[in-house]
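> Single-letter residue listing:
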Amino acid sequence: MNLSELKEGQTATVARVGGDGHFRRRLLEMGFLRGTEVYVEKYAPLRDPIELILKGYHLSLRVDEAANIDVEEVRSGE
Amino acid sequence: MPEKSITIALAGNPNSGKSTIFNNLTGTRQKVGNWPGVTVEKKEGHLKTNVYDLSVVDLPGTYSLTAYSIEEIVARNFILDEKPDVVVDIIDASNLERNLYLATQLRELDTKVIFVLNMADLARERGVKIDADKLSELLDVPVVFTVGNRNKGTRDLLETIMSVAEAEIDLPRTRRVYYGKDIEKAVGELSEFIKEKTTAELPYHTRWVAIKLLENDGIVKERVLQSANPKGEAILQEAELKRQRLRDFFDEEPEIVMTDHRYGFIAGIVKEVVKTVSKQRVDVSRQIDQVLTNRLLGLPIFVFFIWAMFQLTFSLGAYPMDWIDAGVGWLGQAVGQILPEGLFRDLIVDGMIAGMGSVAIFLPNILILFFCIALFEDSGYMARAAFLMDKVMHLIGLHGKSFIPMLMGFGCNAPAIMATRTLESEKDRILTILINPLMSCAARLPVYILLAGAFFGARAGNVIFSIYALGIVLAISIGRLFRSTLLRGKVAPFVMELPPYRVPMLKGLLIHMWDRSKIFLRKIGGVILIGSVVVWFLSAFPREVQFSRDYEAEIAGISDHYRPLISAAHGDLRERLLGKKDETISGLETLQAREKIERSYIGRLGRVLTPVFAPIGMDWRGSVAVLTGFVAKEIVVSTMGVLYTVGADEDEKSEALKVALRKSNMTPLSAYAMMTFVLIYVPCLATVAVIRRETNSWKWAAFSITYSTTLAWLVAFMIYQGGKAIGLG
Ligand SMILES: Nc1nc2c(ncn2[C@@H]2O[C@H](COP(=O)(O)OP(=O)(O)OP(=O)(O)O)[C@@H](O)[C@H]2O)c(=O)[nH]1
Ligand SMILES: [Mg+2]
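Protein sequence lines, in the order shown, are assigned to chains A and B.
Be aware that the first sequence starts at 1, since it is given in the numbering used here, and climbs by one per residue.
Be aware that the second sequence starts at 1001, since it is given in the numbering used here, and climbs by one per residue.
Quick caveat, the hints were computed from the structure, so don't treat them as lab data.
Remember, it's a predicted structure, so these values are computed and weren't measured experimentally.
Be careful, since some hints might not be right.
Stated by the list, open to error - Examples of chain A residues toward chain B, derived with CB under 7 Å:
1) N2
2) G31
3) Y39
4) A44
5) P45
6) L46
7) D48
8) Y57
9) V63
10) R75
Note that the Cβ used here is the ideal one computed from N, Cα and C, for glycine as well.
Excised from the complex, chain B in its bound form (with noise of 0.2 Å):
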């Protein structure tokens, strides 16, 4: 049984490889990416040995311990406030020096520190060698070296943790940072001012508080304030003093000066402990990006891979969906034929099994969009493509580092929102947001490829690759009025680095691609299912209807006059005169389904609606579609199948929505009316949600469903009646 609890932050560099240290201890499978910014919230893992419980925290990457984003102000104030136990420190050791900058900063803490020299791998193939004892030595802190993508150096790391958790030492107080003379001076006065003139009990101890005051640290300012009232306002004047103080003698700001000293301790341990013994090899990375990012190739190549992600999800993914397709036609009829007729069977073939399986023949498309970008998030060019698309990105007046989360929206728009946090500015951040529902989700793939697939055929993959070119067009275009309108300010800087490519692990892209497609399998179990039940309930009833015309007499009528003309004839004709009885009697019977569903619930509910979706060419059942599909939009394509196929024959259940869409009086044009619209009105319910929690107001996420969905109607009016002025549809 264990006994203690203890905590652990896992905190180092962005892209240093956290997360996947955070999996190798835990075993659970949090996000992880080759680019800086994955994780953007803490994450909490447990860990139980024989004597400790251990709680691990992930946290987002930090450069140093000065924030200024919302996920850095995260990691900072993990590390200050929640006083863990252990602060693991994950050093990229392939790039130690500036990994140094924020270890140096994490020793002047109070709290327990271990350096996990992590990618050990890479440091050794530039040929870097590492003294860990010397480190050790130098600046009195356990160090570990692991591989975490190789999970090499976990149990050694986790022993560590526990030696260093039960040992009552003293913090070591030597082998730190040395500011320099003056500024020593200055550090010792503040703390001796702060002991002795206010005995405030500050949080922190006391030399800390004192540095990062002459540091002009806003968060430890207003810290000082809180706990050391009334005599913070003293503190802080002191501080303000000797800081005015040392800006005159070194005509500097003291941070920088200080910022200058810690580089200078780092480069004398770096010199101590890294000894380089060969030559760096060929650098394949910097290789790779002479064609990616090359000034002629760079953004050909950039507008390729996407067209290939989506040629490849379109086209790969027909294979299979063929055959998930005949599978349901299979299974609708199978139940169909063993369940008794009547209202039960109704229900779960034309009800579930048409709505659920409409939507479930998606899943090879999903996995495939979902493997190309784990490739891209993986591979490490999505940094890259941050970095070739930040000049386009500057003309709304955003950074290329919002555009990692405009691609990540190509999956699914309620984490790519959340991996705004890392941009620095608040008015980046909203517009981001904003336009991130723009860049055409997962979920509203299978909508494009049904329609697209039902009426463009073998150009499907062309048309459905010109919605989501809209979709960024728009985006740009949106985001740019919206930039010199609502949300006007000045461009933040473009600081990120490019971290070195790497050959994605299969297992990791298996992982992120099988993640995806849970959530997407939950969604047909949850959402969806509910979606269809409920719109099959309210196509079905009410059961009685007034039909315009007494369908069951003239079906009679056919019959009786058939009767005795089959009987007399003979052969071909016979045979001629059976086909046409049918064929009149199945097309009344057609209709009668038809004009039932028009008079249920949901059919009147589409008459109210067709005033304002005739405009833009959708029939009542597309509206109701649309409409539906603001849970999820997934749904769009299930509420389709719920009610374009009634009255389909049964052995046409394959396929059978696409065949019964080219039978309505749907066009080429109004399709892909229906398509931009879908492409662009109100983000799903899960993404409202999101946006609501990040822009932390009722107002942005209103404003997004408003805006968006107006913008839809108003494109999908000018494509529509366009196209038709010019003779299309």
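Next up, chain A with everything else stripped away, as it sits in the complex (with noise of 0.2 Å):
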């Protein structure tokens, strides 16, 4: 499963993140480590982009971007 297939208020456990060289790098260094909790805080009016929490913070990811971090253990609530 992946990030992009979550709905909102669910947490998920990251498993691996995929993508290109540099973006994979970015996401890695923003902190989506294997084993990192991530919340799906809201979705944009338009769908897209996602809003996250993860350490602490939020982030905005497109869709496109989510599809690319596997996830596991899906749950409701944070």
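The two chains are supplied separately, each in an independent frame; assemble them into the complex guided by the hints.
Following this line, the structure appears as structure tokens:
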């Protein structure tokens, strides 16, 4: 399952980050590491981008880009 | 007398408060705002103590030493190449874990580092308690707490900076990130290789170079090639070999594994130094966002905010504007009475006062507009606007982040274009730069307010808003066009932090507003003054012109005609005759003044322009006005002030320009066409210069001038001719 398939209000654990080199590295540096918990705060009014909370801060990411992040242990709530 | 000079660099994650601390330290007023990417170039400030001459450098924010966009490269290069004596890492204490990523990278360098835990207030509010002594001990760096926006902890920081600068300490080589057995082995071997096999003089210490080479860092590779010539090649080859081996072993890029290790190291530190005392109370910022970025309400609220901004600017600004207008009118009259009639008086009254005054009355509007923009910037709404608009910007193949420069463009395009430095893709940047001038800046506002006020009465506010909306629509359509032709490319990823909302500090807002207004006032005293004088000269000379009819004789004739009639009449009739005589004469005088200016140098210039501008409904005076507007857009108004009010009755001086405009053959339709033309046509001189610098090419600057002017003419043409065809004009 990947991050873009989550619904608002769900939390999941990052399993793997894909995508091309630069982008992938940036995401890792921003904290998308294996085992990190990510909470889906909301989708923007036009369904794109997504607002996420990880490591205590808010980050927005496009749906396409979020699709590069594989997640596991999906659950509801924070 | 200060004797030693040292350089301090302020580094840190975006939006962690670097510029705020910089301002506290140096007493300057660098721009501060609550969104990531406010500072896009390094700024230097100075501070003298009794021993030191400190030069403090405020850097753009970066999440790591791996640079992606121009402004990050600036920060990184400064730290690596200029080798500041002390690097002060401004850490957002309420977001410690991610901020420590850059911090650990900085500690791997040769430089002395100080950690500043800024936003200590926010951390406390969130119930996060940080054990600074422990942190300092664990990482072997001095740690200082600050609250930047309240100027707390500045003295502490300054003292720490000086004691660190003084200390001849060895840089800590221990308590650094441990990258795991296999990577450490590779780092060790590569270091050995560099030291033994090449004996190369590298600009940085060896372990760090080895780490960076294993991370495949482009810039460090380049530096190694430059400085370790001819051994550079060999070093890079060896590094690639090691990378290959690690890649096979981990089944993953080495840099990714190393990032993992850094975060692992950080997690260990965080566990030891952070205590969450209370579970988070209600998160106000999130609740605000429940409304402001709400699925249904988000976009309508956004549109409402923009609409409200312009309504406020227009309607609230109208009151003080009337006062200033009256003041300018009074000044013109007073000066007119004091000075003896003649050229000099005309220069002062009709040139300087009419020109500067016609622009100065818009100061209140400009203040309000900048106040609103500052409110967006300081509250944190800017980043939300980017979030909301990302999908729309996607239509043009751009990014939500591109929307921030566009919103700033409502203030002034020059800094807005510089703000595009935060965009990672070069094509995205150029595209954003090209469409930015379509976001109507504050300098164009006076033109709209004047014309809409003169021709649309109560609907002026909405008319002006429609002009802004037209600008946005055009920006999107033109952007799309360029994207699919000139600047094809992939959409860059949109990774943007959304900082928590903050209550803006009134002082900060006022400073923002004042700084911008100062620029406006300086313009009035500078280019606008010069522009008005030049326009006045060109309109007053040549002194002697050949009139088409003999006005003097006609006026004398009229006097002669009425004299016997008036002396024969009594009472009411006499009054009426007197009035009629004056009216006829002043009518002739106005005609004479008009004809005189039409035959002046500027009138001749105007005649040359007429064929170009007549199809879009502008007379020669309007044409000259927009031509002069290339220097600065406000000059359109001051030129109109000089050209249209010529021959106006003295007692009409206040509101004179509006009255004169209504009397000219301009109609609401042609006024609207002129407004659209001014919206779209050539960016002002300053903006063109910035475009040239930021794209590093005259070609793009020239392109921007040509496309905008062509587009402006076409749109104005369609509006004017289309409007006439359906019977508006
Ligand atoms: N609550 C709180 N807010 C702060 C503090 N320090 C700075 N701020 C606010 O944080 C925001 C960001 O400050 P800046 O100084 O512009 O941050 P910066 O690090 O220069 O940001 P960039 O130039 O974008 O990298 C502003 O709204 C400041 O008013 C602090 O200690 N506490
Ligand atoms: Mg800054």
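> Taking the hints in turn, state whether each one holds.
Results for each hint:
Using the Cβ-Cβ criterion of 7 Å, the hint placing N2 of chain A at the interface with chain B is not satisfied: the shortest such distance is roughly 15 Å. The closest approach between the C-beta of G31 of chain A and any C-beta of chain B is roughly 5 Å, which is under the 7 Å cut-off, so the hint is satisfied. Contact between Y39 of chain A and chain B, as hinted, is not supported at the beta carbon level, the nearest pair being about 11 Å apart and thus beyond 7 Å. Annotation: interface hint on A44 of chain A holds; nearest CB of chain B at approximately 6 Å, less than 7 Å.
At its closest, the beta carbon of P45 of chain A sits 4 Å from a beta carbon of chain B; the interface hint therefore holds under the 7 Å criterion. At a threshold of 7 Å, the smallest CB-CB gap from L46 of chain A to chain B is about 4 Å, leaving the interface hint in force. Restraint check, D48 of chain A versus chain B: the minimum CB separation of about 5 Å is within 7 Å; hint holds. Using the Cβ-Cβ criterion of 7 Å, the hint placing Y57 of chain A at the interface with chain B is satisfied: the shortest such distance is roughly 5 Å.
Proximity of V63 of chain A to chain B is violated relative to the hint, the smallest CB-CB distance being about 10 Å (cut-off 7 Å). Interface restraint check: R75 of chain A against chain B, minimum CB-CB distance 19 Å, threshold 7 Å, status violated.
When each numbered hint is compared with the structure, violations occur for hints 1, 3, 9, 10.
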